[in-house]
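*Asks:* Chain by chain, the residues run as shown.
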Amino acid sequence: MWSISNIANWVNEWLGKNFSAAWVTVFEMVIAGILVISLFAVLGLILVIMERKVSAWMQIRLGPNRVGPKGLLQSAADTVKLLVKEAMTPNGADKFLFNLAPYLAIVVSMLLMAPIAFAKDFMLWDLNIGVLYVSAISSVSVISILMAGWASNNKYSLMGAMRSGAQIVSYELSAGLAILSIVVLTGSLNMNDIIRSQADGWWIFKGHFPVWISFIIFLIAITAETNRAPFDLAEAESELTAGFHTEYSGMKFALFFLAEYVNVFIVCAIGATLFLGGWMPFHIGHWEGFNHIMDFIPSSLWFFGKTFFLIFLIMWFRWTFPRLRIDQLLNLEWKYLLPIGMINLLLVTAMAILKWHF
Amino acid sequence: MNGSTIIFYMLAALILGSGFLSVTTRQIFRAAIFLLFSLIGVAGMYFWMDYEFIAAVQIVVYVGGITVLIIFSIFLTQQAGEKLPEQSMSRMLFAALAAFCGFALILLQIAKHTFTNSTTTITAPTVENIGNEMLGVNKGGMALPFEVVSVLLLAALVGCIVIALRQKTQQTN
Amino acid sequence: MFIVNYIKEVFGALKSLAVGLRRTMFYFTHHKEIITEQYPDNRATLKMSDRFKGEVVMPHDEKNEHRCTGCTACEVACPNGTIKIITKFEVNAEGKKKKAIDKFVYHLELCTMCNLCITACPSDAIKMAQTFEHSVFDRSHLTKVLNKPDSKIMEGVE
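Chains as they are written, first to last, in the numbering used here: chain U, 27 to 384; chain S, 178 to 350; chain Y, 15 to 172.
So that you can see chain U by itself, here it is in the shape it has in the complex (with noise of 0.2 Å):
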């Protein structure tokens, strides 16, 4: 059958047959590459339009409709006008950690799609350690915000980046809670085990209501670690300007925003692998004809069909939630999320043990 990963075998045979073993690698290497950046770019483009069409139905709004048909060329056009946009970097900025703290984003948002699997057997590196390599790398994003700060000197740059850096550390803390409860019930760190683990049903089905809360915590940390609305304090427009980038612009600021698009994905598509089985398709119990035509539907289709649903999510929660004030915000991780975490993890723990998941 057509999928991608037996593209992906046949260029790796192709060149096999034409090249030496290390040119291979050489060449997959930049072939993977080109492919994340490609992806980024394309992810940017369609997750603007999406957030600015979805923020428009939400708000009774039309949205961009000018540029394209039904405006769907606007964030292209965007792009092309920051391309051009002069990059400024201000006077008494710190130049050498200002200008690096845009790549550090992208970098870091870049190594993330690393063990993402995108389809049946495609993806770029098959870790061991695959989740905790995810909560691991993106706990780095909140440098690239802290540098972003205070190379600004500005104390608009420096309130976001202290605020975001609080709350970063904070919810990470309730996003891997609800990342092992997975991980517990699969007993794997390996993303294509957890993905495995699901071949006779999601764990949104298969773990009753502890999985539900987990759900709905990870839900809750994964908006604030994107620093999303309602957590978006980073760069809470209306007290901070635009936070920690207020004194970027032109392709800098691209990145960042690129980068901010990039890691709602990546964190949407985790959550799908953990909780509604990544690439696999819907099963219902014994319904033959139903999960074969399921299975017709091709994996990777399911994987991004699933991914945007959740992306879906996020977005209708920054569209109609306030954002919630500092002390709010660490109420609510330190009194509510991870207690509620924390518990839920033990009745996890004691449901994989006597073996109530089905």
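Treat the hints as calculated values from the structure; they're not laboratory data. Glycine included, C-beta positions come from ideal geometry on N, C-alpha and C. Do not take every clue at face value.
As the list claims (entries may be wrong) - Chain S regions said to be covered by chain U (calculated; three or more residues, Cβ under 8 Å):
#, stretch
1, 205–218
2, 315–322
Unchecked claim - Label pairs and their in silico Cβ distance ranges:
#, chain 1, residue 1, chain 2, residue 2, range
3, U, PHE45, S, ALA333, 20 to 30 Å
4, U, VAL93, S, ALA190, 39 to 49 Å
5, S, MET311, Y, ILE17, 31 to 41 Å
6, Y, THR43, S, THR254, 31 to 41 Å
7, U, GLY213, S, GLN264, 51 to 61 Å
8, U, LEU150, S, MET226, 17 to 27 Å
As the list claims (entries may be wrong) - Derived pair list, reagent style DSBU-like, types lysine-lysine, alpha-carbon separation capped at 30 Å:
#, chain 1, residue 1, chain 2, residue 2
9, Y, LYS117, Y, LYS67
10, Y, LYS112, Y, LYS166
11, Y, LYS67, Y, LYS158
12, Y, LYS22, U, LYS232
13, S, LYS260, U, LYS181
14, U, LYS96, Y, LYS61
15, Y, LYS22, U, LYS361
16, Y, LYS77, Y, LYS158
17, U, LYS121, S, LYS289
18, Y, LYS29, U, LYS361
19, U, LYS121, U, LYS111
20, U, LYS96, Y, LYS46
21, Y, LYS77, Y, LYS46
22, U, LYS232, Y, LYS29
23, Y, LYS112, Y, LYS77
24, Y, LYS158, Y, LYS61
Please build the complex by placing chains S and Y on the supplied structure of chain U, with the hints as guidance.
*Replies:* Leaving out everything else, chains S and Y in the frame of chain U:
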């Protein structure tokens, strides 16, 4: 020289170079950032050795935890963008001497020591093996030290909460 | 009790969030609710709402007659000097002098569309129009004379 060796030398250059810059720079925030790169380089070294778990833990603990803590304390204490004063010559000299002595001592020890091949069976550094070893109660199991460390951490946590609570009651009075 | 309150609070929060989510989802799925006007495109079919106030005008009938007596009540009522009435004395058929308006000068650029002049007018001579495309290249175009040339006061309006 194959690809793996090239990567090793690149990582080593990253670790040593950013470590050196971290001590020589006069801006404290830059020093923290260079320290961060040095620690990332160490994590890269673990990845290079295929010790993925250790590498991820290195990133979680040192990069995501300790460096962020250092940066936070810089934010809360240091004046923005101000350079540290130049050190006096004698101080630099003594510091260099102390560093050299330490380095020489370690080098001497390494040169004296004869490295023999390990005879214990090597367990693959997978998460499963690490977990089983960590909580194993058999011979060589680490359950007791693990629990002792966790009790220590719990005591630290409780201590933090007590300190935080006391301040709050004083304020209300 | 603390734990009961805690659980109540959590569930109450979730419920209120769900209410908000339901509202936005309703709007997301009901595109007919969209109230945005596609202004330059729908210029021909544009419907202004009744209470929209664009500009003060003085209606004239087909005999080129208006209802303004020149009492300057509007000029007095105007909070920022938008209206200036220049009066003249007309000799009527009986040889009596009578006050009438020469020019009803209206400064659109000063007007805040507060409607006070319309309520002040005792003879309903002026009203608010719904025009809104007021941009011009020269500010002097915004100073308007509302009574048409050679217009007269309507019969029977005192």
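*Asks:* Go through the numbered hints given earlier and state which of them the structure violates, listing their numbers in rising order.
*Replies:* 2, 3, 6, 17, 21
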